[in-house]
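The chain contents come next:
Number of protein chains: 2
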Amino acid sequence: MSSDVQGTGPSVPAIDAAAAPPRVKPSNYPEPYATMMAGRVKRPLGDLFGLRNFGVNLTRLPPGAISALHHVHSRQDEFIFVLEGRPTLVTGDGEVDLEPGRCAGFPADGSAHHLENRTEADVVYLEIGDRSAGDEVSYPRDDLVAALGPDGKWRFTRKDGTPC
Amino acid sequence: MSSDVQGTGPSVPAIDAAAAPPRVKPSNYPEPYATMMAGRVKRPLGDLFGLRNFGVNLTRLPPGAISALHHVHSRQDEFIFVLEGRPTLVTGDGEVDLEPGRCAGFPADGSAHHLENRTEADVVYLEIGDRSAGDEVSYPRDDLVAALGPDGKWRFTRKDGTPC
Chain A
1 MSSDVQGTGP
11 SVPAIDAAAA
21 PPRVKPSNYP
31 EPYATMMAGR
41 VKRPLGDLFG
51 LRNFGVNLTR
61 LPPGAISALH
71 HVHSRQDEFI
81 FVLEGRPTLV
91 TGDGEVDLEP
101 GRCAGFPADG
111 SAHHLENRTE
121 ADVVYLEIGD
131 RSAGDEVSYP
141 RDDLVAALGP
151 DGKWRFTRKD
161 GTPC
Chain B
1 MSSDVQGTGP
11 SVPAIDAAAA
21 PPRVKPSNYP
31 EPYATMMAGR
41 VKRPLGDLFG
51 LRNFGVNLTR
61 LPPGAISALH
71 HVHSRQDEFI
81 FVLEGRPTLV
91 TGDGEVDLEP
101 GRCAGFPADG
111 SAHHLENRTE
121 ADVVYLEIGD
131 RSAGDEVSYP
141 RDDLVAALGP
151 DGKWRFTRKD
161 GTPC
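Line by line, the protein sequences are chains A and B. Take 1 as the starting number for the first sequence in this note's numbering and just add one per residue. Take 1 as the starting number for the second sequence in this note's numbering and just add one per residue.
Be careful, since some hints might not be right.
Claimed, not checked - Listed below are several chain B residues computed to face chain A (Cβ distance under 10 Å; list not exhaustive): (1) V41; (2) S74; (3) V96; (4) L98; (5) R102; (6) D122; (7) L126; (8) I128; (9) D142; (10) D143; (11) V145.
As the list claims (entries may be wrong) - Covered stretches of chain A (in silico footprint by chain B; criterion: 3 or more residues with CB under 8 Å from a CB of chain B, positions within the stretch not fixed): (12) 79-93; (13) 100-112; (14) 125-131.
Stated by the list, open to error - Once the Cα atoms are required to be at most 20 Å apart in a straight line, the calculated SDA-like pairs of lysine to any residue come out as: (15) K159(B) x L144(B); (16) K42(A) x S27(A); (17) K42(B) x T88(B); (18) K42(A) x G101(B); (19) K42(A) x P100(B); (20) K42(B) x G55(B); (21) K159(A) x P100(A); (22) K159(B) x E120(B); (23) K42(B) x K159(A); (24) K159(A) x G149(A); (25) K42(B) x H114(B); (26) K42(B) x G101(A).
Honestly, the hints are just simulated from the structure, not real lab data. Backbone N, C-alpha and C fix where the C-beta goes; we use that ideal spot for every residue, glycine too.
Work the whole structure out from these sequences, hints included.
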């Protein structure tokens, strides 16, 4: 629990999202993909309150950083809401520049997507994703697949099933 | 789908959240509770993108408005992130004033809660809740219970099970 929790006890939880601790492991990807996430900072928010059905991160992308590999989930829905800066949303069908107050949603088994910060200012956004059992992630531009294990951890392999 | 969708097609969805259409039925509560939600405007965002596992609303509370009856879900986790204004978060154990950038989470079967706008300026926040099957809502301050039906609709009764 953050030391910034306000109120009279754990049942009055409220925090300054920007002061939440960053995720301990910056990226779950194997190399060389983890290094490609350099600069990205994810602050898990939902976990601080004991939420289990979905995750909420406050994520900061400095100039040049990207949100993730180009990907799509099989069962997880995702949603982003831009708070600061102007990220470029890249999907398989095109690109669009976003700005604060704009949002986007990515239903399970929909279009692959990721965000890029091509500007000289930081981008900050909220990202939400549920934790549906049996979720898998496809990466159309990389030789990688991921599967969510029953322990809640992601397992990555190459597309031919070999470890990576 | 909003007419404000940007991009090259439905697979590049991005909208101005504040321009999303308000929910057609302002409140699902039976009377007299529905009237108590006067002024509250919920703009469903996740539904616009075809998300099914969780809902995201951009909700505006004018001065004097409240977010909901004091309540707690049995299975649904909830999360709020304040974008504008200074709502008061009320739980069974106390109250705390929030401000933009502060967030709070309400795990299933946790502490009952709601927000009140006791200020003279509008409050705007994002609210997220999953759609776990079999969810029920308890209202410790009101003679009301709600159960989520298999059709995704809420059914309200008094605490003795009679219709209301």
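Comparing the hints with the structure gives:
At its closest, the beta carbon of V41(B) sits 16 Å from a beta carbon of chain A; the interface hint therefore is violated under the 10 Å criterion. This hint is violated: S74(B) has a C-beta 12 Å from the nearest C-beta of chain A, more than the 10 Å allowed. Here the hint on V96(B) is kept, as its CB sits about 5 Å from the closest CB of chain A, short of 10 Å. With 10 Å as the threshold, the beta carbon of L98(B) comes within range of chain A, its nearest partner Cβ sitting at about 6 Å, so the hint holds.
For the restraint placing R102(B) at the interface with chain A, the shortest Cβ-Cβ distance is roughly 5 Å, inside the 10 Å limit, so the hint holds. Hint on D122(B) is violated. Least Cβ distance to chain A is approximately 15 Å, over the 10 Å limit. For L126(B), the interface hint holds, since its Cβ comes within 10 Å of a Cβ in chain A; the closest pair sits about 6 Å apart. Because the closest C-beta pair between I128(B) and chain A is about 6 Å apart, less than 10 Å, the hint holds.
Look at D142(B): its Cβ only gets to about 19 Å from chain A, farther than 10 Å, so that hint breaks. The criterion of a C-beta within 10 Å of any C-beta in chain A is not met by D143(B), whose closest approach is roughly 23 Å, and the hint is violated. For V145(B), the interface hint is violated, since its Cβ never comes within 10 Å of a Cβ in chain A; the closest pair sits about 21 Å apart. With 6 residues bearing a CB less than 8 Å from a CB of chain B, the stretch 79-93 of chain A meets the requirement of three and the coverage assertion stands.
Counting residues of the stretch 100-112 of chain A whose CB falls under 8 Å from any CB of chain B gives 10; the rule of at least 3 is met. For the stretch 125-131 of chain A, the stated coverage by chain B is satisfied: 3 residues place a CB nearer than 8 Å to a CB of that chain, which reaches the threshold of 3. The suggested pairing of K159(B) with L144(B) holds, with an alpha-carbon distance near 5 Å, which does not exceed 20 Å. This hinted pair checks out: K42(A) and S27(A) have alpha carbons roughly 9 Å apart, not beyond 20 Å.
A distance of roughly 18 Å separates the Cα atoms of K42(B) and T88(B); the hinted pair therefore holds under the 20 Å criterion. With a C-alpha separation of about 15 Å, the suggested pair K42(A) and G101(B) falls inside the 20 Å cut-off, and the hint holds. Between K42(A) and P100(B) the alpha-carbon distance is near 19 Å, which keeps this suggested pair within the 20 Å criterion. Restraint check for K42(B) and G55(B): the C-alpha separation of about 11 Å stays at or below 20 Å, so the hint holds.
The straight-line distance between the Cα atoms of K159(A) and P100(A) is roughly 36 Å, outside the 20 Å bound, and the hint therefore fails. Using a Cα cut-off of 20 Å, the hinted pair K159(B) and E120(B) is violated, with the two alpha carbons roughly 35 Å apart. Taking the CA atoms of K42(B) and K159(A), the gap is about 43 Å. The hint is violated against a cut of 20 Å. Our distance criterion of 20 Å between C-alpha atoms is met by K159(A) and G149(A), whose separation comes to about 17 Å.
Under the criterion of a C-alpha separation no larger than 20 Å, the hint pairing K42(B) with H114(B) is consistent with the structure, at around 15 Å. For the hint linking K42(B) to G101(A), the alpha-carbon distance of about 15 Å falls within 20 Å, and the restraint holds.
Against the hints set out earlier in the document, violations occur for numbers 1, 2, 6, 9, 10, 11, 21, 22, 23.
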